[in-house]
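Student: Letter by letter, the chains look like this.
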Amino acid sequence: MSAAEGDLLHTVDADNISDSRIRLGKLLLWGSVVLMFGLFAIQALFDAGAISFGFENWRPVLFGYFIWALALCVSRVLIYGEQGKRSLFVLPAALFVISMVVFPLVFALWISFSDWNLASLTGRKFNGLDNVRQMMSDPFYWNALYNMLIYTVVILIEYAIAFGLALVLNANIVGRKFWRVTFLLPLMLSPVAVSWMIGKSMLEIRFGPISRFVRWLGWENPSFFSSPELAKFMIMAMDAWTFIPFMMIMILAGLQAMPKEVLEAAEVDGATPWQRFWEVTFPLMLPVSITAVMIRIIFKLKLADIIINVTSGGPGGATDSVTSFIFREYRDRSNVGYGTLLAIVYLVIIVIFMTVVLKISDRIVRRATGAG
Amino acid sequence: MKVDIYEILMAKQASRRDVLRGTAVAALGATTALAGLPKSAQADSHVNVREAILQIPGVGKGSPTDADWQKVGELCLGATKASVQEGEFEGVELTFMGLNNQNLHNFLFRGFLKPWEAYTGAKINWIDLAQADYNARLQQAIATGTVDFDIIEMGAPFEGDTAGKGLLDEMPGWVETQIEEDDLVGYLKPPVGTWDGKKYRITIDGDCHTFAYRTDYFGEGSITGMEVPKTWQEVNAVSKELVGKEDPLTGLPAHGYLDPLKGWGGFGFYFIENRAAAYAKHPDDPAWLFDPDTMKPRVNNPAWVQAIQDVLDLIEANAYPADQINADPGTTGFQQFLAGTGSMLMWWGDIGSNARTSDTSVVGDVVGFGINPGSDRVYNSKSGAWEETYNEAPNMAYIGWGIYVTKRVSGDEKKRKAAWSAAAHLGGKDISLWCSAYPSGFQPYRNSHFIYDEWEAAGYDRAFIEDYLGSNADSYNHPNAAIEPRIPGIFQYYSVAEDELAKIYAGQYGSAQEGADAIAAAWEKITEQIGRDSQIALYKASLGL
Chain B
86 MSAAEGDLLH TVDADNISDS RIRLGKLLLW GSVVLMFGLF AIQALFDAGA
136 ISFGFENWRP VLFGYFIWAL ALCVSRVLIY GEQGKRSLFV LPAALFVISM
186 VVFPLVFALW ISFSDWNLAS LTGRKFNGLD NVRQMMSDPF YWNALYNMLI
236 YTVVILIEYA IAFGLALVLN ANIVGRKFWR VTFLLPLMLS PVAVSWMIGK
286 SMLEIRFGPI SRFVRWLGWE NPSFFSSPEL AKFMIMAMDA WTFIPFMMIM
336 ILAGLQAMPK EVLEAAEVDG ATPWQRFWEV TFPLMLPVSI TAVMIRIIFK
386 LKLADIIINV TSGGPGGATD SVTSFIFREY RDRSNVGYGT LLAIVYLVII
436 VIFMTVVLKI SDRIVRRATG AG
Chain V
131 MKVDIYEILM AKQASRRDVL RGTAVAALGA TTALAGLPKS AQADSHVNVR
181 EAILQIPGVG KGSPTDADWQ KVGELCLGAT KASVQEGEFE GVELTFMGLN
231 NQNLHNFLFR GFLKPWEAYT GAKINWIDLA QADYNARLQQ AIATGTVDFD
281 IIEMGAPFEG DTAGKGLLDE MPGWVETQIE EDDLVGYLKP PVGTWDGKKY
331 RITIDGDCHT FAYRTDYFGE GSITGMEVPK TWQEVNAVSK ELVGKEDPLT
381 GLPAHGYLDP LKGWGGFGFY FIENRAAAYA KHPDDPAWLF DPDTMKPRVN
431 NPAWVQAIQD VLDLIEANAY PADQINADPG TTGFQQFLAG TGSMLMWWGD
481 IGSNARTSDT SVVGDVVGFG INPGSDRVYN SKSGAWEETY NEAPNMAYIG
531 WGIYVTKRVS GDEKKRKAAW SAAAHLGGKD ISLWCSAYPS GFQPYRNSHF
581 IYDEWEAAGY DRAFIEDYLG SNADSYNHPN AAIEPRIPGI FQYYSVAEDE
631 LAKIYAGQYG SAQEGADAIA AAWEKITEQI GRDSQIALYK ASLGL
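If you read the protein sequences in the order shown, they are chains B and V. The working numbering puts the first residue of the first sequence at 86, with every later residue one more than the last. The working numbering puts the first residue of the second sequence at 131, with every later residue one more than the last.
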């Protein structure tokens, strides 16, 4: 059987592409490339003041990119026929990712090595590694990174609570469905709503119901955000309250998918409830747990909204997160170049950190489950 | 056209056609129909409108609603009707960017402009911003060339960022006449609102911080037994004295002065300025934030350090409410002072009108006003020494909101006239009286706002209103007023200072001086980044040097 015959199941149309069609495809593609780079070159030179003609803004270059993207897709079909049509399933998505992720990232990298204050009349100026030097000696950034470390470590406690709740909700308790929905409710709330509802209203020191309650318990002058430790704890508690249900629901799903026979076998073998949990349930739940914790870490690293709304990073930076600090640097102080560098560095740290954590967790899972 | 003017004309046997012709002529000639009326009729119509709007909804009858704002807008439409024909702006769409603080500002503007939209046929789209988002939104729009609004509510400090970059439309002459600009208090007249000699601003607010205090805390037989403090030294002494006592109104712990210890998107810096102004604003020197020749910050000189030390002393003495480190100015003003916590506060004047008219205030009957407390001594930056002499310097914080029109409308005359007409409606003489008298986010800013009889007739207590308005008038007319520099990026300086102040208040620096030095260093960086030479030139210009 020939290759062509073997491909008949997949190829609707046996291609017979003419040379002129291939030439047209190539012409279209390279024409659009020339157009795009030509527009880019003209605008770049005009912007730099090297030539006297150009466009009012960069929009024509964007249109050049759109034309190139379209020409690329059309040329695939013209040049490769049916094979080219297959690439159309992926190409638009790939171009979209390039436009919305890769290009902004490269552009961010570009501006992160520049001195760009929005209030400055001179606009953006390349300043080499000055922003990096400034970052190295910026106590606010390092303080925020330290806080993030603490916020992230505390996820282990959140995980323990979530596991406990999942076990309870997996057991035969009265009103199980009701409790499942109830425990999920905080996840449905926006962190901004949580900030105002709890941080600003329920914890308001004079009239807030929680303040009244703790006053009734004997704490005469309750104050939830006055000391660095307590303020940090309150922020972590509010954030945890919102996101513990997320981990809980993932672990619960894992528990329900777990084969009952294994636990029954352990019971028959005389294992105690604790042994059944620690030697059977917990190791089997590790893959799900790792996923839940990883996603939770990603959520946590973005922590900003509750902090911005409730404490503005205070007292004295005790609750500041990297995102909330960048938010102030970028937004309140219009320091675009430096703010972007901080964000890029944070991204690099996150990528390295997550890679290491994934490697380690993978090893733990393999060891615990005896796989590999 | 206003009903009462129409009735006056009818009384003079003018035919309906004459009336309409008069309006059209007025619109074309950019003169007012009122010009043809006897002076007494104009004055009467003003008086009638002012009396009528001050009864909406009536002092002590709760917070005004959208229906009330619309009624006020309708009654104040006379000046617009005189210069614009009905339906003249049909098809025009304008975008208005402003604030939504305490559900005021844009919320009021919507109500005020609804009758204007119905009459002129124009449509307004709204961009509402929280106070803390305002600076960033504006700066980003400017820097990225994406100014997407035709009319903007903006403070004079941003004139350097906008007018300085050629983004604003110059105010047409007829607007000046319509809003009766010569009625503005002195310090709001040019150079405020102008750039390179061109006028851009319709003032809708006068800003200064005034001193508000609880009358039941002071005087013979009160819990302090003292007179109202006149200096910051006395303010601190009373605040320490009150530790452990009970508030006579609420029965909760009594407190003295309420410093906001948390940032507020840059706006929180004004509050340390209040204290510093008394120490740092020398009568012989218009500058007090920077050295005008070098832009070297003065924020770490002994005067500013003293102001910061005052706050640290009160923290040390445990004189603030429990969670003060987490209190921003919104909290100190609205959640604390108006709700009965604390006895002394510096704030914009709207605390005064809210004290009596807001549903959330409990201190309406026990509130008194004065100007920014002074100091027993003042620091002379030129000689580098303290002078043992009494000094006071009201802080003209933010200079006040204004309405500006952007260049986006400049190419389209119809749209341009519509934008300025809407802006002029909001900046009208009568509507401004209502804004001064009811919760609006704005405080008195015209000489005509200080006619106490009008306020008394509206239902305000004469003594209260003389006290409240008097504190504003005294601040505006003070010879040693501390006026804010209209330089680009001013809020960057404030924002970075807020971050450092938060650290100082949390005890992370060894001393107030060390913290102040950190602020100064951060300010130097910002000046370098924005451009020292241009900042020096603009700072000097804003000081009139």
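Fair warning: there could be bad hints in the mix.
Said to hold, decoys possible - Distance condition first, Cα-Cα at most 25 Å in a straight line; then the derived DSS-like pairs of lysine-lysine:
#: 1; chain 1: V; residue 1: 328; chain 2: V; residue 2: 512
#: 2; chain 1: V; residue 1: 370; chain 2: V; residue 2: 360
#: 3; chain 1: B; residue 1: 210; chain 2: V; residue 2: 295
#: 4; chain 1: B; residue 1: 210; chain 2: V; residue 2: 426
Said to hold, decoys possible - Reference excerpt, derived from the structure (chain V facing chain B, CB under 7 Å, subset only):
#: 5; residue: 452
#: 6; residue: 619
#: 7; residue: 622
#: 8; residue: 625
#: 9; residue: 636
#: 10; residue: 640
#: 11; residue: 662
Since the hints were made in silico from the structure, they are not lab data. Positions of the beta carbon are idealized from the N, C-alpha and C atoms, including for glycine.
Student: Any hints this thing doesn't respect? Which numbers, in order?
Tutor: Hint check: 1, 10 and 11 fail, others pass.
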